[in-house]
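> Single-letter residue listing:
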Amino acid sequence: MNHVVCIAYVPDTETKIKIGSDGKSIDEADVKWIVSPYDEFALEEAIKAKEAKGGTVTVVTYGPARADVGLRECLARGADEAIRIASEGIADVDSLGVAQMLAGAIKTLKYDVVWLGNKGVGTDAQVMVPMVAEFLDLPHVNLVTKIEWKAGAVTAWREIEGAKEVVECPLPAVIGAQKGLNEPRYASLKGIMAAKKKQIAVKKPAEVGVDAAAMSGDKSPVRWTKLELPPARQAVKLVPADDPAKAAEELLRLLRDEAKVL
Amino acid sequence: MGFPGVDFLGLDDMFSDDERAVRDLVRDFVDAEILPIIEDCAYEGRFPRELVPKMAALNLFGSTIAEYGLPGLNNVAYGLIMQELERGDSGLRSFVSVQSSLVMYPIYTYGSKEQKDTFIPALGKGEKIGCFGLTEPDFGSNPGGMRTVAKKDGDSWVLNGAKSWITNGSIADVAVVWAKEGGPDGPVRGFLVERGTPGFSSPEHRMKMSLRASVTSQLVFEDCRIPLSNVLPGVSGLKGPLSCLTQARYGISWGAIGSAMATYHCALDYAKSRKQFRDRPIASHQLVQEKLAFMITEITKAQLLSLRLGRQKDAGKLLPEHVSMAKRNNVWVARECARMAREILGANGIVGEYPVFRHMANIESVFTYEGTHDIHTLVLGQAVTGIPSYNPPQE
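First to last, the sequence lines map onto chains S and G.
Residue numbering for the first sequence follows our numbering, beginning at 1 and increasing consecutively.
Residue numbering for the second sequence follows our numbering, beginning at 1001 and increasing consecutively.
All clues stand as given, with none of them false.
Taking lysine-lysine pairs in the DSSO-like style, the calculated list, with each CA pair at most 27 Å apart, reads: (1) S:K198 with G:K1125; (2) S:K146 with S:K48; (3) S:K50 with G:K1054; (4) S:K48 with G:K1054; (5) G:K1113 with G:K1128; (6) S:K53 with S:K179; (7) G:K1125 with S:K50; (8) G:K1275 with S:K237; (9) S:K164 with S:K146; (10) G:K1272 with S:K18; (11) G:K1116 with S:K190; (12) G:K1125 with S:K197; (13) G:K1317 with S:K190; (14) G:K1054 with S:K190; (15) G:K1317 with S:K196; (16) S:K150 with S:K164; (17) S:K18 with G:K1275; (18) S:K196 with S:K110; (19) S:K32 with G:K1301; (20) S:K50 with S:K146; (21) S:K24 with S:K204; (22) S:K190 with G:K1125; (23) S:K53 with G:K1125; (24) G:K1054 with S:K53; (25) G:K1116 with G:K1239; (26) S:K50 with S:K196; (27) S:K179 with G:K1054; (28) G:K1116 with G:K1128; (29) G:K1113 with G:K1125; (30) S:K146 with G:K1054; (31) G:K1125 with S:K48; (32) G:K1054 with S:K196; (33) S:K16 with G:K1275; (34) G:K1272 with S:K237; (35) S:K197 with G:K1054; (36) S:K204 with S:K219; (37) S:K32 with G:K1054; (38) S:K16 with G:K1272.
Read the hints as simulated data drawn from the structure, not as lab findings.
Just chain S, with the same shape it has in the complex (with noise of 0.2 Å):
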């Protein structure tokens, strides 16, 4: 079985994030980036299921050169091949964009399963899964905590409000893995040396058949027109507690007409 994984790599989750001087992009300095940690799911999972039973792994990303840096990190956990797809020079994309960008880079391969997690940390948008699989025309299965495979099918597991789901699904499919779908390795140093050797296919977007003129910039369906930061958090008011009915009762006065909470 040939595995496709995609991959977002987005700023750590941990990252301070800063608004841009136009007011609406990310101040991309500092920013300490990674792989998403919901395609990190979906990029083990697919080296598991090779390691059973053998095929492939190639991951693909749509974005620029510091990408590679996230792809040579899946090439040290395992993965055989790495497609950038070279977002320089290219206004904003959306997500459909991106999802066309990945398709076409899909379809110049061979492949059983296609992953991506269910969603990237940056911009939290989930659709990226449905769009995928609507643009190579595939079925797909989304917040998979749980696979089985059988011939030319797969069973998944999802958790929906309350149950467990199980589906089965024809292959080839789409699957969008969801936190819980396994734990994901460490690389070595020796998949590091050996990724060394790896190439990263760079390619524009018309090599993989998408026009990117025309669904970049304003021609962008849904563009970030602004971007703001959740307003800073007051400074915290301490009660002091030398005579604790007192202090209950300033605590709930400063509820009730301050906080406004009672």
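Let chain S serve as the given structure and place chain G on it in line with the hints.
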């Protein structure tokens, strides 16, 4: 929050992509696997043995060896591993130093094919743990005076003597033991002694106040018989153990940077958030800034020194006195940083909620092990004057 690194001068540019990838992998591992448990381990005096298979899966043991399925890293990448491990804990770094530089290195470099085939894969996978026995109760800085002897008797070597301050001693499956062949005047040879050999015991040093998350033991040999084939055939004389120590000390020079990074990072964070006098952070005080300025300057110098050393080692141009300079300097830097960090933290500098006191206690061991600070001073003195002061000619 993951460790962001300490890089005042933008030295990251001087590492290759894979060197950075190696460092970041070990950095993440330390953040996720070591830091959450290490204070408790140190407090309880427990070596976290459960980490051995995990470290093996990352290929942290014997990482510079390119055979036997090992990764064959360069020496800068190896140094960065040591740096990150010691940012976690000197005891963990010591474990990996010993396994890699003091056990796998001599077996790989001086061992027979059979010895290599037997031990290198098992040590690399962490299935076997190794230790290195050179220091004796009465011979530390002067290992040439060792009393442990190995005498041939039929088809065996018979070992008698004692080694002390041996990292991993009580948990080791195999000990690389240096002893004089034939008697007190014989040449120093390396012997492989396996756990369970009659006449070999390894009592632990008790009441250690430093490197508490690491095992330190004596090795005792009482008519301990090992097969004749258990001698390392490729080396004779003190250069055998000393060459191993040069490897390990090279790694320690990087490790010490990690310790200093940890205490500096903690002190800086603390100074920026701790408020005294008119609600201003203590980082605004000139005396605190002086300490932080000293720390970052010394760390940066140490980084440059070790990086140069690593590039020279990879080019085959490294001399033992270069390693002495870096070990001596960088461990001193780590010791000073730990002390200043502890001062900046005030009372919080002595509790296990912060890593500072653990690092401060650990670095005391590192300051005098693998060549004391003073002996490395004398090595440098000899290197520049041509006159050895620590082994003066007889009157």
